[in-house]
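Chains B and Z, in that order, are what the protein sequence lines are.
With the first letter of the first sequence counted as 1, position 100 gets the number 100 in this note's numbering; the numbers rise by one all the way through.
With the first letter of the second sequence counted as 1, position 179 gets the number 179 in this note's numbering; the numbers rise by one all the way through.
Hints listed in this document are in silico derivations from the structure and should not be mistaken for laboratory results.
Note that CB positions come from ideal geometry on N, CA and C, so glycine has one too.
Please note: incorrect hints may appear among the correct ones.
Computed list of lysine-lysine pairs in DSSO-like fashion (alpha-carbon distance at most 27 Å, straight line) [claimed, not checked]: (1) B:7 <-> Z:105; (2) Z:62 <-> B:139; (3) B:94 <-> Z:139; (4) B:139 <-> Z:94; (5) Z:139 <-> B:105; (6) B:105 <-> Z:7; (7) B:155 <-> Z:234; (8) B:234 <-> Z:139; (9) B:35 <-> B:94; (10) B:105 <-> B:62; (11) B:62 <-> B:139; (12) B:155 <-> Z:7; (13) Z:155 <-> B:7; (14) B:234 <-> B:155; (15) Z:139 <-> B:7; (16) B:7 <-> Z:234; (17) Z:105 <-> B:139; (18) Z:139 <-> B:62; (19) Z:7 <-> Z:155; (20) B:7 <-> B:189; (21) Z:33 <-> B:155; (22) Z:234 <-> Z:155; (23) B:62 <-> B:33; (24) Z:7 <-> B:7; (25) Z:105 <-> Z:62.
Covered by chain B, according to a simulated footprint, are these stretches of chain Z (three or more residues, beta-carbon under 8 Å) [unchecked claim]: (26) 121-132; (27) 193-207.
Protein chains: 2
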Amino acid sequence: MDVSSIKALTFDVFGTVVDWRTTIIAEGEEIGKAKGLTIDWARFADTWRAGYFSSMDLVRSKKLPWTKIDTLHRMVLDNLLIEFGIAGLSEAEKYRLNLVWHRLKPWPDAIPGLNRLRTRYIIATLSNGNMALLTNMAKNAGLPWDCILSAELAKRYKPDPEAYLMAADLLGLRTDQIMHVAAHKADLKAAHGQGMKTAFVPRPLEYGPTREVETTPEPWIDLFATDFEDLATKLGT
Amino acid sequence: MDVSSIKALTFDVFGTVVDWRTTIIAEGEEIGKAKGLTIDWARFADTWRAGYFSSMDLVRSKKLPWTKIDTLHRMVLDNLLIEFGIAGLSEAEKYRLNLVWHRLKPWPDAIPGLNRLRTRYIIATLSNGNMALLTNMAKNAGLPWDCILSAELAKRYKPDPEAYLMAADLLGLRTDQIMHVAAHKADLKAAHGQGMKTAFVPRPLEYGPTREVETTPEPWIDLFATDFEDLATKLGT
Chain B
1 MDVSSIKALT FDVFGTVVDW RTTIIAEGEE IGKAKGLTID WARFADTWRA GYFSSMDLVR
61 SKKLPWTKID TLHRMVLDNL LIEFGIAGLS EAEKYRLNLV WHRLKPWPDA IPGLNRLRTR
121 YIIATLSNGN MALLTNMAKN AGLPWDCILS AELAKRYKPD PEAYLMAADL LGLRTDQIMH
181 VAAHKADLKA AHGQGMKTAF VPRPLEYGPT REVETTPEPW IDLFATDFED LATKLGT
Chain Z
1 MDVSSIKALT FDVFGTVVDW RTTIIAEGEE IGKAKGLTID WARFADTWRA GYFSSMDLVR
61 SKKLPWTKID TLHRMVLDNL LIEFGIAGLS EAEKYRLNLV WHRLKPWPDA IPGLNRLRTR
121 YIIATLSNGN MALLTNMAKN AGLPWDCILS AELAKRYKPD PEAYLMAADL LGLRTDQIMH
181 VAAHKADLKA AHGQGMKTAF VPRPLEYGPT REVETTPEPW IDLFATDFED LATKLGT
């Protein structure tokens with residue numbers, strides 16, 4: 001494809017840039033050791049992530065007013081602690097555990113790939129994570145964003161169109177000057193619907209080693225890359 | 001002062017971080033040479049900056065609807081070109097000149113100071129410049145922001161309270177966990193009014209070598225620093 005008109009790349013974050021599942025399992029296991037708990041932390045992580053989608057859908061369908069992801073994560077966590085029988089955490093410990101999403105670790109190719117991409121393009125997040133979460137995550141992990149953009153700035157969660165249009169407006173670009181990068185087809189389909197170019201970077205391990213990832217081509221996917229280094233090469237950096 | 005409760009520093013940008021006057025004069029002189037024009041570029045820069053304040057006040061007083069700084073700068077520039085008798089610029093040249101604000105150069109101490117400060121604090125812009133302007137400026141100049149915040153996100157220009165409250169909300173902090181840094185007293189007074197801590201970094205050369213800068217202490221200034229390196233030292237980094 002002709003990449004000469006692309007000025008900026010926007011990135012989905014959870015799953016695309018960072019490996020939420022491995023980070024949550026690792027922190028869970030530390031807590032388990034400290035508290036003497038035997039928990040299936042992989043199932044805990046997957047259930048937390050699933051709860052995030054359900055609670056976000058309540059906001060998207062206006063059954064909940066605008067609510068930041070940090071707050072949605074905490075609502076889900078409070079239920080999870082009961083469901084998994086995790087007792088004995090102080091409020092400070094729960095608060096800290098909820099912020100594990102601020103400490104997610106990038107996939108190994110993410111930072112080298114982003115450093116190459118930013119030599120030519122503006123690179124920005126376009127995530128449903130709130131601004132504080134994304135800012136803290138970038139600082140913790142060393143993610144070299146030029147700019148942090150969040151659905152919070154539109155008060156509309158992806159895949160609602162307003163989230164993508166907000167990014168173009170704030171970057172001062174037309175949507176067709178932006179390529180959205182994600183490991184999730186629904187996100188790319190919605191970005192394409194607003195005129196953005198799209199790059200699909202499947203993350204086969206996002207949900208662990210047993211979940212098959214669907215990677216068939218689609219008319220609304222402009223570019224397919226195996227990871228961020230491959231993306232950097234395909235985008236001429 | 002006790003700095004232990006400070007989590008983030010927000011920075012005014014035009015004049016505080018970057019030297020708008022010198023950059024505009026330098027780019028003006030290049031244009032003058034190329035076009036064979038004899039213009040007082042220092043007066044041109046000062047008049048542009050003054051026009052920015054007047055046009056922003058039209059937005060603050062609701063005589064103009066919300067308008068980005070890039071657009072306000074262009075409105076002022078179009079008048080300036082007539083006033084200074086600068087003819088013969090193509091639309092592409094005017095467009096490029098207007099974006100000189102995206103290319104402003106930092107004061108020499110700014111980047112070394114910010115790099116020290118960001119080892120301990122979240123550092124973010126809190127500027128009336130629009131997001132695209134601040135993002136491009138950071139990329140051009142290598143300013144190491146953790147996060148770019150703009151009055152554009154509140155659609156209210158500083159010193160309106162909403163601009164400061166927006167920063168605290170998006171950073172997920174109380175205003176008293178944030179220190180606002182500026183070379184302009186009115187900005188600090190307004191930040192203090194919303195509960196922020198304040199640091200005054202006078203920039204005696206902002207308006208050139210002949211304009212005296214008023215640096216008397218004020219009850220709403222918490223910290224006085226001669227430059228960003230001095231600020232980094234005083235904030236324990």
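Here is what the structure says about each hint:
no., hint, verdict
1, B:7 <-> Z:105, "22 Å, holds"
2, Z:62 <-> B:139, "38 Å, violated"
3, B:94 <-> Z:139, "38 Å, violated"
4, B:139 <-> Z:94, "38 Å, violated"
5, Z:139 <-> B:105, "24 Å, holds"
6, B:105 <-> Z:7, "22 Å, holds"
7, B:155 <-> Z:234, "38 Å, violated"
8, B:234 <-> Z:139, "22 Å, holds"
9, B:35 <-> B:94, "13 Å, holds"
10, B:105 <-> B:62, "32 Å, violated"
11, B:62 <-> B:139, "32 Å, violated"
12, B:155 <-> Z:7, "25 Å, holds"
13, Z:155 <-> B:7, "25 Å, holds"
14, B:234 <-> B:155, "33 Å, violated"
15, Z:139 <-> B:7, "13 Å, holds"
16, B:7 <-> Z:234, "39 Å, violated"
17, Z:105 <-> B:139, "24 Å, holds"
18, Z:139 <-> B:62, "38 Å, violated"
19, Z:7 <-> Z:155, "25 Å, holds"
20, B:7 <-> B:189, "20 Å, holds"
21, Z:33 <-> B:155, "48 Å, violated"
22, Z:234 <-> Z:155, "33 Å, violated"
23, B:62 <-> B:33, "40 Å, violated"
24, Z:7 <-> B:7, "33 Å, violated"
25, Z:105 <-> Z:62, "32 Å, violated"
26, 121-132, "holds (count 5)"
27, 193-207, "violated (count 0)"
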